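S.K.: Construct all of the structure, not just a fragment, from the sequences and the given hints.
Residue numbers (my numbering), protein chains in the order written: chain A, 1 to 166; chain B, 167 to 668; chain C, 669 to 771; chain D, 772 to 1463; chain E, 1464 to 1940.
It should be emphasised that the hints constitute simulated quantities derived from the structure, not laboratory data.
The structure displayed is predicted, hence computed values, not measured ones.
Just so you know, even glycine gets a beta-carbon here, dropped at the ideal spot from N, CA and C.
A portion of the hints provided could be inaccurate.
Stated by the list, open to error - One side only, chain A facing chain E, incomplete, derived with CB under 10 Å:
1. T108
2. K136
3. A151
Stated by the list, open to error - With a straight-line Cα cutoff of 30 Å, these simulated DSSO-like cross-link-like pairs (lysine-lysine) come out:
4. B/K619 - D/K890
5. C/K756 - E/K1654
6. E/K1814 - A/K120
7. C/K756 - E/K1814
8. E/K1654 - A/K112
9. D/K1382 - B/K477
10. B/K621 - D/K1382
11. E/K1654 - A/K136
12. B/K619 - B/K477
13. A/K120 - E/K1658
14. A/K112 - E/K1658
15. B/K619 - D/K799
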Amino acid sequence: MHVPDLFFMFFTIFVLVTASIVAFSSNMLHSAFTLFFVLFGMAGFYVLLGGDFVAMVQLMVYAGGVNVLLIFGTMLTGDIAKPEISNLSFQGILTFFSGVSFMAVLLTVFEKTEWTLLEKGVREPTTAELGKLLLKDYILPFEVISFLLLAAMVGSVLIVLQREKD
Amino acid sequence: MLSHILTWVVFLPLLGIPVLFALPKDKAKWVTLAATIADFIIAIPIFIGFNKSIPGVSNPNQMQFVEKFDWIPSLGVQYYMGIDGLSVTMILLTLLIGVLATLASWNINKFERGYFSMFLLLQAAMLGVFVALDLILFFIFWEVMLFPMYFLIGVWGGPRRVYAAIKFFLYTLFGGVGMLLSFIAMWYFTPGERTFDMIEMLARVSAGGVFEGPDILGMPFAKVIFVVLFVGFAIKVPIFPFHTWLPDAHVEAPTAISVILAGVLLKMGTYGFLRINFPMFPEVFAWFRDFLIALAVINIVYGALCALAQKDLKKMIAYSSISHMGFILLGIGAATTQGINGAMLQMFNHGTITAMLFLLVGVIYDRAHHREINGFGGLASVVPIFATLTSFAFMAGIGLPGLSGFVSELLILAGSFKEYQVATILAGLGIILGAGYMLWSYQRVFFGPLNEKYKDLSDVNIIEVFSLAPLLVIIVYLGIFPNAVIQYFEVSLNHISRLLLP
Amino acid sequence: MGLSAYLMVSAGLFALGMIMFISKKNTIGILMGVELVLNSAALNFMAFSYFTPSKGNQLDGQIFAIFIILLAAAEAVVALGIAIAAYKEYNHVQADELISLKG
Amino acid sequence: MDFIQTSITIIPFLPLLGALVLGLFGKKIQAALGENMTGIIGCATPVIAAVLAFSSFFVLLGMEPEQRIVRVTMATWVSVAEFSVDWAFRYDTLTSMMLMIITGVGSLIHIYSMGYMHKDESFWRFFAYINLFLSAMLMLVLGDNLLIMFLGWEGVGLCSYLLIGFWFSNYDFATAGKKAFIVNRIGDLGFIVGMFLLVLYSSLNFDIVTLSFGELEERALTLSQFTIWNWPLLEVVSICFFIGAMGKSAQIPLYIWLPDAMAGPTPVSALIHAATMVTAGVYMIGRMFFIYSLAPEAMEFIALIGALTCFFAATVGMAQMDIKKVLAYSTVSQLGYMFLGMGVGSFSYGLFHLLTHAAFKACLFMAAGSIIVALHHEQDMRKMGGVLKKMPITGYSFIAATFAIMGFPGTSGFFSKDEILEGAFLSGHPILWALGFVAAGITSFYMWRAVFMTFYGEYRGDEETWDHCHEQPKRTVVPIAILAIAALLLGFLNVPDYLGGSELFSHYLEPFVVNLNHQANYVAPVLTEAEHHRHEMLEWGLMIGTVSWSLFTAFLAWFLYIKSPQTREKIMAGSSPQALFTLLANKYYVDELYDTVVVEPLGKLYRFLAKFDQKVVDGAVNGAGHLGRIFGQLAGLFDAKIVDGMVNETAWFTQIAGRGMSVLQSGRIQALVGSSLLLISGVATLLMLYLD
Amino acid sequence: MINTLPYLSLIPAHVLIALAILFFFVAKAIPGIKKIPQAPVFYLVLLGAFLLEGMQDGSEVIFFDMLRVDSFSRTMNQVLLVITAATLFLLHYSDEMDKEYNWENYGLLSTLLLGMMFMTCSIHLLMVVIAIELVSLPSYLLVGMNRKDPASKEASLKYVLFGSFATGIMLYGMSLLFGLTGSLVFSDIWKGLLKVELINSPIYILALFMSFAGIAFKIAAVPFHFWCPDAYQAAPTPVTAFLSTAPKVAGLALFMRLLDEHFSIQASGLMEMIAIISMLTMTLGNLAALKQTNLKRLIAYSSISHAGFLLMGVATLDEVGRQAVYFYIPIYILMNFGAFTALIYMVKDNKFDISNFKGMIRTQPMLVTFFAICIFSLVGVPPFAGFIGKFYLFKAAIAKGLWLLVVVAGVNSVIALVYYVGILKVMIIDEPDHQTLQVKSNPILMGALAICSVPLVFFGLYWQPIVVWTQSILLFR
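M.R.: In structure tokens form, the structure reads like this:
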């Protein structure tokens, strides 16, 4: 067993456990904070998969941005004074089984599929190459997504600030 | 004008609509009357100039008063109108019923302009159906009838009008959609070059062409198309078991609309059989024929039996229509010359007779405000003229010799007897039952001790006489000289008979 | 560890995300489920980028993953904005109580 | 020729004109010009027609026997492809006889009616109807083809319907009219099918289809070679037409309408239900004798039905109390004789009986009507008696006609009935003869019974009526007397050979109606002198037997009703005679039988079907909806609260299907997502299973 | 490094709209510009973009396999621009959106528009995702802008959640596609899927189906349609009109482009898949519509079923089917905008319940007549254009032998009748009562309504112009 495999095992257990806590915790804040660990674990996977830059983006944007946003959201939409914000589930068993069965479908399908595989994956720094790609092949999405972010920002502000009904 | 006479005839009623909205609303009925009468008058050259000796039907160059323009060239859809023996009498019937139904609408006093504009639209659409020779044009006219009819029943009808109107609309649209799909499939798999020109299609079929397509959901193409088309038209006829909309629609519709419904609309189904459904698929027709005859007999006997049980006069007549339409189907199904000619004659005769019956029911309904057969009694002594007129209509409905209904039923039965003896005899039972329900209801309404409630009932007034008299004259005249009408279509229908029975 | 191991992890995350999505009462909780789903998709892209040959650049998958992260951010912004607006309107964001629109 | 052509063209349309005038303007005429004028208009047309008919007859007599036929073709009626029928009339010896009966008896009855219908407010309507009837009846006999005959056939049926229900405010009368019409319709179906069979085989074998009698006669031999349904074609055709005749001429089993038809005014009974219309069936068989001659089995059948009807109707007649009912059953019975005659091939005798019957039965009915009017519309013989004193002319006319109907030697009935019975016997149908023979006695019995109950003995009604009872006016009495004389004398037209006569009537008809034993292909048994002699003796024997049997029963009637009513009461007190009497009085319960076997099941059937139509057919087409509702309820998804849908009461079926989806539309986003997820995985799984 | 600027000259309309987005978002901050009336500016921009699209020519693949601009994309973009202009027009007459925030609203609308314009020409999965998101996010926000309906925020929230769900599924599916083929460009994906053992295998179906989720979400096809009724009901009516048409057009354009490069060996499976989606969509949409009492919601469901019908044309996967879809698009836009214009005309204060329309014809005969034309056209009865649209769709499906689909569609067009005619029944047959809306007449809106409904009759009788137009769209060439 190679070292990366050990890391993989670790991250797998780590991510699935934390994700389960996110999913099944009944305290909203617990979920929100635990999500940070999930995202961190994901970054670990990315590193294992040769995506050093992506892992960094994951940590900065996702863990640092989105997750913080979610925590803020949790607090803003609940009673801030209360430490516990409910994150209860309902139709639990049924949901659980339908989720699990869906996963079973996915796994069966994957199992049946013969993927074309590379001889061996490469793990080397990708930042430079990604930069080039972003400014050449992916210049258009790169530009367009800026509009997306702009619209998202302005729009969110707008909808929150909208006048009360008159 | 003669060169575009069909267009004029079809669209003249539409010209009435703007006029009608321009004038005060109490003038609406006069505008409508003027429009329908004018339509009748400008159509006279058609009946005079019609060449009775050429069959048309499957011969493109034998259609008369043809108007043919490219309409949607990309699709090969044409504005193609023309008539042959098959359509000419139906046009006559439609024009006639149009005028009479206008008279029958004289008492409409709710949204006159809306009523009469819908009425005129309906009239134009009905005429269009009978002259269109392009499948798409035909279908458009066919469906255009639906929404005026919906409103005419729905707004101006009886207490359960909404139900009846939507039921009518649903049934007919259901059939219509099937028809449309079949038309498209027929277009796609036309023998030879694709076309919507039904005469051209027929010409190719009669020259040996066959609609060949892939199996549809595991069933042979031609059979499926045939059956779907059949259902589409059968709903209009209506044929058991698609008939249940008819009693409801009749009961709820205002008098004039019942008249049109029974007089013209039902004929479109059988017209469709003769023009499109059967001749296009002669082989399937041969396969389907026994079943068709069975349906016809069921229609006749079943309709008559149901009519016996009805308590509402209009419903009784509606079921009698079902029974009578069964005769038409019987004649067409037998497809012998007499049978098919008789069917066509019956289409005309049933149009006039049933129209008269509904007009008469309308007269009594206007006065008594109900139609319960058992709610009357002894009216013959109070309203003798009305009773006499009714007896004429009833006797014509029974098929008394000397009145028009007899000749057509005779021809149908004689024709079908050549091919289906037992069915014909069973259908003959329908005639007996017909006498039963007609006389029984007549007796309950007009005979027996006078119902005191109605001792001051007034007899028919002048407008009603004007709307009834022409029908009476036609019924009697055609009983004596049916060939006055038969001569128009005989050649064409003999031709169809040859197409169907090679 | 091979491709299928990663796919299993991503399938697991996907299923957890779905479960959250279907079962959470709090809107923010549902959003978290969405994040899990998006992460599973990104993980897939990363894994495929690493294990399978790519027609274009081998890093296409990684680029896609980056964009997924950005999209997630944008979506989260909008979703939270709307959630807060809704909170102002109804004083809660419990999905099971937001049922005035139905039928 | 020309005269005949003109007159036969005019004859049927004269009464039609009268009917039209009276029908359209009768009410005004009656109001303005009075009843008399109306009556005169009504009577004028048949009288003129009668004059024309008789003059035509004499013109015809002046022609060679073989050429006594005139045809008039006026226009085409129906013509489709090879099927073509004309408006055409045919006048030959048979027609001339019928024309005279119809117009002659018709005229008399019209005149009689002026008296009978006096002071009826619908006087004009009566004449309109009865004129119309004459017109139709004339069409029937004049028609050159089956279709015109059928036109008349139905036309007389219609008029019969109208006249039976003439006093329509009485619901039962109207019902009787309806019954007559519908029963006739059943027979007509047979008629029509017969026609169709001829059409069918004509179109198969000839260029044109014809229903004209002349051409059918030419084709008869050809047609006789075919079979249908494993039967000789002409047998089937004959039976079919005979079914028509059964309806019209009230034979078993379709006779039930005739007794009820007595609900109509008495002139109607006399004209339509005795003299003319009901004999149409006999006329039809005579007209088409060439077909019947080729259908021996059908002939047997006709003879059998005729004899049975004759017998059973006569027995029922014995027990009736209503004088018109007695006459009605008597009519049925006499019609049975006619059919017996036709059935055994003695066409001319059957037709002769038609003629004589027209005279004596019309006379009987009119006399009865006269009495009924005089007794304030009392028809029950138990409340009559001794009327002869008050109404001698009527009474003696009635008695004269009774002599005729019983077959008293020398009267018309004697010759006609006797020849029929003789024909039956000689053609080898002893059993049928026996039925007819017994019936002859019964006839004599019930007729004399009627005479004795009505005219003799003590009056049994109330005083006031008796006081007002008097002889009717001339216009009523004269026609009765004329007919009575005719009833006595007409018989001499056809005195049989063995009585030294020359069978004038049969010979007159001969060119167009040939008795079976005179037909070309009839192989007459060669009789030796002795056999010939024995034959004659037999004829004499039969005649004497019948006459003495009739006289005996007449005596019996006298004995039981005049001489010794006590004996009658004693006999009637016995249980079995009483049971028999009840059975007969109730007409063998045939009406009840029809009710239970036909009418009630039919009623059940149509009521069931009407429900079936409403619930099942209508429902089945909407079946998806029903299923949807059931599933909806099962799944607990059916929400009764949402009944007030937008399209409520319209198309509820589809709506319910929509309602089943409401769980998806609960408004909870999770439900939505969950279901879409389930849908996805469901579809995916299905696809995989399917595609693997 | 390759200069990408020249590529921009091939998408000038996109650029113009992008500039407009910046302008609308930023301009408010600049004191002088703030006073400029916003709407004319937007109209000008739209007109400019329309003309720019019209001036272009030829077919190019640009931005390194990201976009493909051709006559198809340009025509679709023009359609989208027209829809946007119509929406802008309706926004003037609606009281549901806060006019104070017009700058921002227009900015969001422009963003949406830009996204759709990219949807019509994307040929790269990443571009597809971004374009779809570019459409989705402003849509979520616009739905929440209805001041008159308190449920607006709820709808918006549901919409965003559901949208994220669909995006998640789509991304997951795309990842599988990427894994299977190693490519993100449409043509390469189809080539990559060309392996025999792969076709119609579970993973193939799963990957494709999940990838279609985003598109299905945009055109509101089953099972991604659940957001649709809520969002349509609670959104400001002009936005509803917009959302019920424009994203569908863009989504269909994208769908057709995505499917265009498939190989014939793949056709049957795809056809089946899309046919199933199509059948489910039209059936569920129709059935759910039957019991609606809110007019806006009803039209939402009807638009779902119409999406099903449109997918019928897509399912044939051939030129005929696409032509039928092109044919239906303008008609569908006219019908829908006609209906929504009438609603805006009639309804104030969010009274969309069907009972508010009782006996409307007594007071507003013209209005109801026009509305009825639109409704009958939606039903698809002649002589209205909706019939012709369905006619072409049926024709395409029959030509391909998709009989089951044809039958289901046929039955559905009958079911649809029930609820559509139910509306008319309320408006025309029922008697008015106190609930019935009082309508102030507005000639301009009436004119707009006439512009929508009169062509429906005209095209119903003479549709050759649309045929010519559809033929002018040289697809992907």
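S.K.: Within 30 Å, alpha carbon to alpha carbon, are E/K1654 and A/K136?
M.R.: 24 Å, holds
S.K.: Is the straight-line distance between the alpha-carbon of B/K619 and that of B/K477 30 Å or less?
M.R.: 19 Å, holds
S.K.: Should the hint that A/A151 touches chain E count as held when the rule is a Cβ pair under 10 Å?
M.R.: 4 Å, holds
S.K.: Mind checking the alpha carbons of B/K619 and D/K890 for me, to see if they're no more than 30 Å apart?
M.R.: Cα-Cα ~27 Å, so holds.
S.K.: Under the criterion that the straight-line Cα-Cα distance not exceed 30 Å, is the pair E/K1654, A/K112 satisfied?
M.R.: 21 Å, holds
S.K.: Hint check: A/K112 vs E/K1658, CA-CA at most 30 Å. Holds or violated?
M.R.: Measuring from Cα to Cα gives roughly 15 Å; hence the hint holds.
S.K.: Need the status of pair E/K1814, A/K120: alpha-carbon distance at most 30 Å?
M.R.: Violated: E/K1814 and A/K120 sit about 65 Å apart, past 30 Å.
S.K.: Is the straight-line distance between the alpha-carbon of D/K1382 and that of B/K477 30 Å or less?
M.R.: Holds: D/K1382 and B/K477 sit about 12 Å apart, inside 30 Å.
S.K.: Can the hint on A/K136 be confirmed by a CB-to-CB distance to chain E that is less than 10 Å?
M.R.: 7 Å, holds
S.K.: Within 30 Å, alpha carbon to alpha carbon, are C/K756 and E/K1654?
M.R.: 51 Å, violated
S.K.: For C/K756 and E/K1814, compute the direct alpha-carbon distance and say whether it is at most 30 Å.
M.R.: 24 Å, holds
S.K.: Between B/K619 and D/K799, does the CA-CA distance stay at or below 30 Å?
M.R.: This hinted pair holds, its Cα atoms lying about 26 Å apart.
Hint compliance for this structure: hints 5, 6 and 10 are broken, all remaining hints hold.
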